[in-house]
Amino acid sequence: MKIRPLSALLGVALALPALSRGEARDYIIAPSRPDKLVVVDTEAMAVDKVIRIKDAGPTPMVPVLSPDAKTVYAIVNRSESVVKIDLESGETLARVDFSTPERRVKALFGMDISPDGSTLAIFQTPVKLGTTHYEVEPTSIAFYDAETLELKREAPSPRQITLMMYSADGAKLYAIGRNLHIFDAQTGEMIEERPIQGWENDKRTPPDVLAVWSQYESSGVMSIPFYSFLLDKEPTDPEAGRTGLFTLDRETGESVMRDVEAMDVFYFSTAVNPAKTRAYGAYNVLQSFDLTTGKPIKRVALPRSYYSVNVSSDGKIVWLSGALSDVAAYDAETLERLGHVDLPEGASISLNSVRLFSRPD
Amino acid sequence: MTSLSRLLLATTAVLLGAGAARAADGAEVLDSACGACHAREEGGYDRIDAVRKTPEAWDMTVQRMGRNHGVSLEPEERAAVVRYLADTRGLSVAETEDWRYILEREPVAQDLGPNARMSETCGRCHSYARVALQRRTPEDWRHLVNFHLGQFPTLEYQALARDRDWWGIAQNEIMPFLAETYPLGEAPPAADLDLSGEWPVAGRQPGRGDYAGLLTLTATESGHDAALRLDFADGSSESFTGSGALYGAGEWRASLASPEREIRQVFALKEDGVLEGRWFELGRDVVGGRLTAARAGEGAAPRILGVSPGRLRAGETAEVLVTGVGLTGELQLPEGLTAEILSASDREVKLKLSAPEALGAVSLALGEAAAPEPFVVFGALDRISISPETAISRVGDGGGPIPRTPAQFEAFGWLNGPDGAPSTEDDVFVGRFPAQWRTENFDAAAEAMRDADYAGSIDQNGLFTPGVAGPNPERPMMANNIGNLKVVAEVEDAGRSLQAEAHLYATVQRFVDALIR
Numbered sequence: 001m002k003i004r005p006l007s008a009l010l011g012v013a014l015a016l017p018a019l020s021r022g023e024a025r026d027y028i029i030a031p032s033r034p035d036k037l038v039v040v041d042t043e044a045m046a047v048d049k050v051i052r053i054k055d056a057g058p059t060p061m062v063p064v065l066s067p068d069a070k071t072v073y074a075i076v077n078r079s080e081s082v083v084k085i086d087l088e089s090g091e092t093l094a095r096v097d098f099s100t101p102e103r104r105v106k107a108l109f110g111m112d113i114s115p116d117g118s119t120l121a122i123f124q125t126p127v128k129l130g131t132t133h134y135e136v137e138p139t140s141i142a143f144y145d146a147e148t149l150e151l152k153r154e155a156p157s158p159r160q161i162t163l164m165m166y167s168a169d170g171a172k173l174y175a176i177g178r179n180l181h182i183f184d185a186q187t188g189e190m191i192e193e194r195p196i197q198g199w200e201n202d203k204r205t206p207p208d209v210l211a212v213w214s215q216y217e218s219s220g221v222m223s224i225p226f227y228s229f230l231l232d233k234e235p236t237d238p239e240a241g242r243t244g245l246f247t248l249d250r251e252t253g254e255s256v257m258r259d260v261e262a263m264d265v266f267y268f269s270t271a272v273n274p275a276k277t278r279a280y281g282a283y284n285v286l287q288s289f290d291l292t293t294g295k296p297i298k299r300v301a302l303p304r305s306y307y308s309v310n311v312s313s314d315g316k317i318v319w320l321s322g323a324l325s326d327v328a329a330y331d332a333e334t335l336e337r338l339g340h341v342d343l344p345e346g347a348s349i350s351l352n353s354v355r356l357f358s359r360p361d
Numbered sequence: 001m002t003s004l005s006r007l008l009l010a011t012t013a014v015l016l017g018a019g020a021a022r023a024a025d026g027a028e029v030l031d032s033a034c035g036a037c038h039a040r041e042e043g044g045y046d047r048i049d050a051v052r053k054t055p056e057a058w059d060m061t062v063q064r065m066g067r068n069h070g071v072s073l074e075p076e077e078r079a080a081v082v083r084y085l086a087d088t089r090g091l092s093v094a095e096t097e098d099w100r101y102i103l104e105r106e107p108v109a110q111d112l113g114p115n116a117r118m119s120e121t122c123g124r125c126h127s128y129a130r131v132a133l134q135r136r137t138p139e140d141w142r143h144l145v146n147f148h149l150g151q152f153p154t155l156e157y158q159a160l161a162r163d164r165d166w167w168g169i170a171q172n173e174i175m176p177f178l179a180e181t182y183p184l185g186e187a188p189p190a191a192d193l194d195l196s197g198e199w200p201v202a203g204r205q206p207g208r209g210d211y212a213g214l215l216t217l218t219a220t221e222s223g224h225d226a227a228l229r230l231d232f233a234d235g236s237s238e239s240f241t242g243s244g245a246l247y248g249a250g251e252w253r254a255s256l257a258s259p260e261r262e263i264r265q266v267f268a269l270k271e272d273g274v275l276e277g278r279w280f281e282l283g284r285d286v287v288g289g290r291l292t293a294a295r296a297g298e299g300a301a302p303r304i305l306g307v308s309p310g311r312l313r314a315g316e317t318a319e320v321l322v323t324g325v326g327l328t329g330e331l332q333l334p335e336g337l338t339a340e341i342l343s344a345s346d347r348e349v350k351l352k353l354s355a356p357e358a359l360g361a362v363s364l365a366l367g368e369a370a371a372p373e374p375f376v377v378f379g380a381l382d383r384i385s386i387s388p389e390t391a392i393s394r395v396g397d398g399g400g401p402i403p404r405t406p407a408q409f410e411a412f413g414w415l416n417g418p419d420g421a422p423s424t425e426d427d428v429f430v431g432r433f434p435a436q437w438r439t440e441n442f443d444a445a446a447e448a449m450r451d452a453d454y455a456g457s458i459d460q461n462g463l464f465t466p467g468v469a470g471p472n473p474e475r476p477m478m479a480n481n482i483g484n485l486k487v488v489a490e491v492e493d494a495g496r497s498l499q500a501e502a503h504l505y506a507t508v509q510r511f512v513d514a515l516i517r
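Protein chains in written order, with the numbering used here: chain A, 1 to 361; chain B, 1 to 517.
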């Protein structure tokens, strides 16, 4: 494992704005194969801690931090279990296995914790395992007590849900599926639906969305790239394919679907800065977008593919990770590469969500 | 034998007939090993009697029972139960007719579903042929689709699924369509035939040329011993021996080897008693040939299996070999074509043909037996094309476990036909022609990556051999030896140079392979 203090890499002049003692410091938590949660200290540019989880393979997937950043929850065990882990000791405090011999239940991508830290909402897709045949069962959102991991209630939900996010006041639960589904967080009842695939259907093909990266914590804005084709253009026209950005603000509840550029490259995921003025998209390139004008700003090529994006709490650094086994820092303004931290054992992060959290020094 | 071919043999040995146990044992395995979960009720075994499929599909299911449900069988038990299931719950050859390419691993085939909805829903992870080669009760089609989403829960999140109500469509459109289009019906009785005898064969191995030959089958306790001799038009010949078995109503599967290579035969026994299909190299199934065979002997219905070459240039003389059985009838030629019979037996007639003028497509016959394809007397070609128009090759070897997958191209010669216009219904297919082969970068992106330099090379028999697997340090970004290529053939014909192009995707390995892709 290489430890590369950022200051050593950059020299004094380019060093990151120093955080004085007592202030919060950003950490990144990255699930990596087959059973690890790796905590990276972004200031020291070093691995802070490696948490190993029993029976977690082939990989932990979605980590969720408690509001006080003392506890981390993660989907593990072929997406069939959730664990509660003490971030300090790395100890597993509780675990729930969703599946039984008669019923296999997977939690694929959607999990969030209520802002008061009391409830964990998990999207689940079950199948009944008969002796000689299987039966697909309706999907649901399961609400667990975040303290005990006891199941509090279940609410039916549409299928194909990926990401979930609580509203800032904890009253609503947003779920991304083929549309934006909004649930009453208390009753679990679906109270509103806003179009994603149904957006501008008179003008364009239904937007294609692959949203599996939970990475909205530093801004409170969920942001998802989507792709569609304009109906009034020839498919061969380079302007016909369009990249769009969906954003959803957990504070205001406002959601926007906007067309940002011609589809010349793909972004696996995007994230928004805390000021809510910029979005960053990554895959084979890193791209910044101006959210006030809805226009692209700058693009740089990446040395390899990165799937996930996080923006630091001060908005100055964009963290790329996913696919392989490192976390890389880019200047949020110039998109220059600042450095990277390799995760232990070269274990890949694959498609997992990588989270950012702050903790007092 | 290489370690890979040993591995492949191990995974496919079940269908090779070698040592396949007798039917009675298969019934026993079914009862003891499968009946443990699949209860035997009035209508038969739960689920197992709600479906009919090909021997390959039965083997895939039995393999899954082992992999996913802990059903462990000895190789002989697996072979026996697969054979028993294929014999008792198989398809008729007619039911497989449009989809045999997937069993034969025929590289020149297009896998098309009945409509875009079915292709996008059921033909995107595997061939649509895999679906169309099964028959089930409505309930069992529902079970199958439930199995898919239950087993692969991310299925409804993939491209061509996440943009629609996949499960709604699956229940409301796909399940009813499958139930109506591919209903269970009745299993045809197993043929259970003694195929012993001599079977003259005719066919062609793309890249090597036409052949005639002899397939000799001898019934044994568990199937048939098989010997195959191929005499190629280029003067070379090859002899294979091995064994095989007839599954169900007419599915011939055999495994043979020559000193150079191991091959597998996937033939159908047609209603008229003809064996027809394809043989291919084990581990390199792009290389192989189509073949037709008919049993010779007393009372064999006269039949021409092949005429090689199937064309003659006007003003020239050519020696033409007619292969078949019962070839005792009188030679029938159209006006303008004259023949000298060089030799004649009931299986082989050698002719010296000449024609002063172009006649186009004409028919040849010996008594009752007509040649299967028209014979073409032509002056000059109007155009050529390349078959296949689009192909995929795959990198391999390079220290990895997966061999390279080559691509085989052929140049076809054409006449414009009566309407004088190219590429219309009445065009006349003249046959395959030797060509000068080369590859070029397909487009600017390929040019920039110099794909043509790295992706592999094509020989003068039209065989493209891709590059080795793994990152290539010479390429930008250490790219793999993949590429997007144009394949160009040039044929010199009657003093003219004719050219055609095809598209080749030189891509990555197929990491997961199945008996039915």
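Everything labelled a hint here was simulated from the structure, so no lab data went into it. Careful, some of the hints might be misleading.
So the derived list for chain A, only partly shown, Cβ under 7 Å to chain B, looks like this [as the list claims (entries may be wrong)]:
#1 Glu102
#2 Lys106
#3 Thr131
#4 Thr132
#5 His133
#6 Val136
#7 Pro206
#8 Asp208
No residue lacks a Cβ here, since even glycine has one placed at the ideal position from N, Cα and C.
query = Holds or violated: is the Cβ of A:Glu102 closer than 7 Å to a Cβ in chain B?
reply = Check failed: Cβ of A:Glu102 comes no nearer than 12 Å to chain B, outside 7 Å.
key: Status of the A:His133 interface restraint (C-beta, 7 Å, chain B)   = A:His133 check passes; min Cβ-Cβ to chain B is 4 Å, inside 7 Å.
inquiry  = Using the nearest Cβ pair, does A:Pro206 come within less than 7 Å of chain B?
reply    = holds (5 Å)
ask   = Given A:Asp208 as an interface hint, is the shortest Cβ-Cβ distance to chain B below 7 Å?
value = For A:Asp208, the interface hint holds, since the closest Cβ of chain B sits about 5 Å away, which is under 7 Å.
task = Go through the hint on A:Thr131 and say holds or violated, using the shortest Cβ distance to chain B against 7 Å.
result = holds (5 Å)
ask   = Would the stated hint for A:Val136 survive a check requiring a Cβ distance to chain B of less than 7 Å?
value = holds (5 Å)
query = Minimum Cβ distance from A:Thr132 to chain B below 7 Å?
reply = With Cβ-Cβ at 5 Å, under 7 Å, it holds.
key: Hint check, A:Lys106 versus chain B [nearest Cβ-Cβ separation less than 7 Å]   = With a closest approach of 5 Å, the A:Lys106 hint holds.
Comparing the model with each earlier hint shows a violation of hint 1 alone; every other hint is respected.
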